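Using the sequences plus the hints, can you model the full thing?
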Amino acid sequence: MNSFGRWIFLVAFVLITILLVNKGIELWSIGTNVDGAGIGINFLGIEINDRVSEENIPSYACGFFITSAFTLLASIIALKVKRNRAAGSTRR
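For the sequence shown, my numbering gives the first residue as 10, with consecutive numbering after it.
Since the hints were made in silico from the structure, they are not lab data.
No experiment lies behind these values; they were computed from the predicted model shown.
Among these hints, one or two may not hold up.
Said to hold, decoys possible - Pairwise CB distance ranges, derived in the manner of DEER restraints:
1. 46 to 20: 33 to 43 Å
2. 90 to 45: 45 to 55 Å
3. 82 to 35: 15 to 25 Å
4. 11 to 79: 21 to 31 Å
5. 86 to 41: 12 to 22 Å
6. 31 to 11: 22 to 32 Å
7. 60 to 85: 34 to 44 Å
8. 59 to 14: 14 to 24 Å
9. 87 to 43: 33 to 43 Å
10. 42 to 87: 37 to 47 Å
11. 85 to 35: 39 to 49 Å
12. 28 to 86: 32 to 42 Å
13. 85 to 31: 15 to 25 Å
Even for Gly, the Cβ is constructed at its ideal location relative to N, Cα and C.
Now the structure itself:
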């Protein structure tokens, strides 16, 4: 993958990380204070679950936070791999 492709990958993963954290904060702030039996959860226009009960909303928020940590870690690893390859090519 060329340098431009790596930067696109990095920017996309950082953007997804920000969106996941935002959704996690949104769900965490709702907590169990909902009207009716529960809520529907959508992410990027994709319906994840249409009936999440009140007691399961915090676990979905934690799931979004954990997933955002994974995407942030993947973007950091991609950045480190890029730097290591660039440093390795100058040593030869």
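Against the structure shown, which of the earlier numbered hints fail to hold, in ascending order? 5, 8, 11 and 12
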